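Chemist: Let the sequences and hints guide you as you build the complete structure.
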Amino acid sequence: MDFQTVDWTVSLLAILPEILLTVLVVVILILDALWPESRRRQLGIISGVAMLGILAAMLIFVAPLQGELRDQLLLGGMIRHDVLTQIFRAMILLAGALTCFISVDLPGAGRQGGYYALVAVATLGAGLMSAAADLIMVFIALETTSISLYMLAGFLRGDERSAESGVKYFLFGAFASAVALYGLSLLYGFSGQTNIYLIADGLASGSIGGLPVLVALMLVVVGFGFKISAVPFHFWTPDVYEGAPTPITAFISVASKAASFALLLRFFMAVFPGYDEVWVNLLAVSSVVTMTLGNVVALWQKNIKRMLAYSSIAQAGYTLIGVVAISAQGGAGMAAVIFYMAMYTLTNIGAFTVAFLVSRATGSEAIADMAGLSRRSPALALAMTVALLSLGGIPPAAGFFGKFFLFNAAVDAGFVWLALVAVINAIIALYYYLMVIKVMYVDRSADEAQPIPVGRTYGWALIITTLGVIFLGIVASPVYNWALAAGQELLF
Amino acid sequence: MQPTVFVPTDLYVMLSAVLFVMGVLGVLIRRNAILVFMSVELMLNAGNLALVAFARQWGLANGQVFVFFVMTVAAAEVAVGLALIVAIFRTKRSIDIDDLHEMKG
Chain A
1 MDFQTVDWTV SLLAILPEIL LTVLVVVILI LDALWPESRR RQLGIISGVA
51 MLGILAAMLI FVAPLQGELR DQLLLGGMIR HDVLTQIFRA MILLAGALTC
101 FISVDLPGAG RQGGYYALVA VATLGAGLMS AAADLIMVFI ALETTSISLY
151 MLAGFLRGDE RSAESGVKYF LFGAFASAVA LYGLSLLYGF SGQTNIYLIA
201 DGLASGSIGG LPVLVALMLV VVGFGFKISA VPFHFWTPDV YEGAPTPITA
251 FISVASKAAS FALLLRFFMA VFPGYDEVWV NLLAVSSVVT MTLGNVVALW
301 QKNIKRMLAY SSIAQAGYTL IGVVAISAQG GAGMAAVIFY MAMYTLTNIG
351 AFTVAFLVSR ATGSEAIADM AGLSRRSPAL ALAMTVALLS LGGIPPAAGF
401 FGKFFLFNAA VDAGFVWLAL VAVINAIIAL YYYLMVIKVM YVDRSADEAQ
451 PIPVGRTYGW ALIITTLGVI FLGIVASPVY NWALAAGQEL LF
Chain B
1001 MQPTVFVPTD LYVMLSAVLF VMGVLGVLIR RNAILVFMSV ELMLNAGNLA
1051 LVAFARQWGL ANGQVFVFFV MTVAAAEVAV GLALIVAIFR TKRSIDIDDL
1101 HEMKG
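These protein sequence lines are chains A and B, in that order.
When you line the first sequence up against my numbering, it's residues 1 to 492, in that order.
When you line the second sequence up against my numbering, it's residues 1001 to 1105, in that order.
These are computed hints drawn from the structure, not numbers from a lab.
Fair warning: this is a prediction, and the values are worked out from it, not measured in the lab.
Hints are not guaranteed to be accurate.
Said to hold, decoys possible - Covered stretches of chain B, as calculated for chain A (at least 3 residues, CB under 8 Å):
{"hint": "1", "region": "1010-1023"}
{"hint": "2", "region": "1028-1037"}
{"hint": "3", "region": "1072-1084"}
{"hint": "4", "region": "1088-1094"}
Every residue gets a Cβ at the ideal spot worked out from N, C-alpha and C, and that includes glycine.
Modeler: Shown next as structure tokens:
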């Protein structure tokens, strides 16, 4: 085992973002106690800027040190410091910062330190999920993220829908975690190892094989499937997304999902080599069912958050294509997943930000009530259009290349049928994305003279997401090549 | 001190499987949010039992350590879960999960 070689004080640098986030949580809670309510709106701005700072610190201080820490199992084998960790952690920190920015005007939560502390804890947990290399750390990180998100989903105490969303998320989430835990305990039992990278060897040399191991892995995959809302474990998604405070919906749909994909990738690469065909076929079927169900049901939705919820189920289906492609294509599938998740993080937060601002001004989450948005607030309509085009996969938005890389990886891996089904799905999806654009630009409303108020931090968030989506759409290939190099390094 | 009767590990694992299945059935059949939650706890404890049994089998401590963390996490989950259930009871005067249908579509 190679995880004793690095001095532990040095290896603390590998969890620098998590340490700083812990400090941030304490600072927020202290300021929350000291400041009067009128000043506490600043807490959101402080948290968001601090998370961007942590992201910068990570990129400046931790990335160059990779020579020493790179690809090492650190802190007793609990985490692995590699490119996958870094990329996903960066996405998650960005998502956390943007979530803070778009929460400042949230009634009932935007002025509460506890809310931002919980967002920071959820970010911390999601970051650890993308680094976890040991079953113990996998479970703790998963639960740190989930438990804080249960609270955030039900945070608006007077709001019946928020409370219901919190309870539903909690009951389904706890059930899925318990299923995953039982799978993890069986994996430990069959291999005698808790480290992900030693389990495969343990299973290979162990006397127990075949069906019991398959059952154990299946239980773990059920737990992960719930987190990424893959069909048939998606049924919680629409209700939770609709009822939760909109910034939290955005966070759940990107950070929690990205972290779960990071975990899934690591798990598949390290633990699954011996079970290839079964898993690849199972994942391919799950991918097809997930994207088809998400897209078809999204067609009928009248509520913008609910539509984006089904859209996010469909997006998880697309991303699974990349996971399937890893079996044969390795680096390309991995890079496609990384690129897709990066563009999806920016895109979806942008879409939810506009949805939040419009529903706060109109008092309604119905898609029909976005009518005339292009005349009320042209900038908001433009930001939403960029986000929807990206989700739909139309150039020049980043979503086009995201889908292109995924489908390309599938074809190269020999899954032509999967790519074809995905293309048909993307065409179906265009209908409901373009419908929203049509409502914003063509339909008229009586309130066209009143622009929708946009707070300063909301403006920052929309500028970051919109420019990010367009940037990733224009310079897609350098970013992809970088992800590809990273992806190939990870396949050992 | 060695125990006089050594219970084989597979019996423990079978018991844990029975507990786990009972928990799953409880989640699927029960309609009361607190009973559903108790069934989830039963599933977590099934996992714990399997972990300690395997830890003894392998003669390694990491399974036991895992159980401590699971127990801690479960305690945090109880606190949050019960708070959420209280919150839903305040708004709805019911904790029947069939009454949770504010959102449809």
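Chemist: All hints, please: hold or fail.
Modeler: Hints versus structure:
Only residues whose beta carbon comes within less than 8 Å of a beta carbon in chain A count, and the region 1010-1023 of chain B has 4; three or more means the coverage holds. For the region 1028-1037 of chain B, the assignment as covered by chain A holds, since 3 residues bring a beta-carbon within under 8 Å of that chain's beta-carbons and 3 suffice. Given as covered by chain A, the region 1072-1084 of chain B passes the check, having 7 residues with a CB less than 8 Å from a CB of that chain where 3 are the minimum. With a threshold of 8 Å between beta carbons, the proposed coverage of the region 1088-1094 of chain B by chain A holds, since 4 of its residues qualify and at least three are required.
Hint check: no violations occur; every hint is consistent with the structure.
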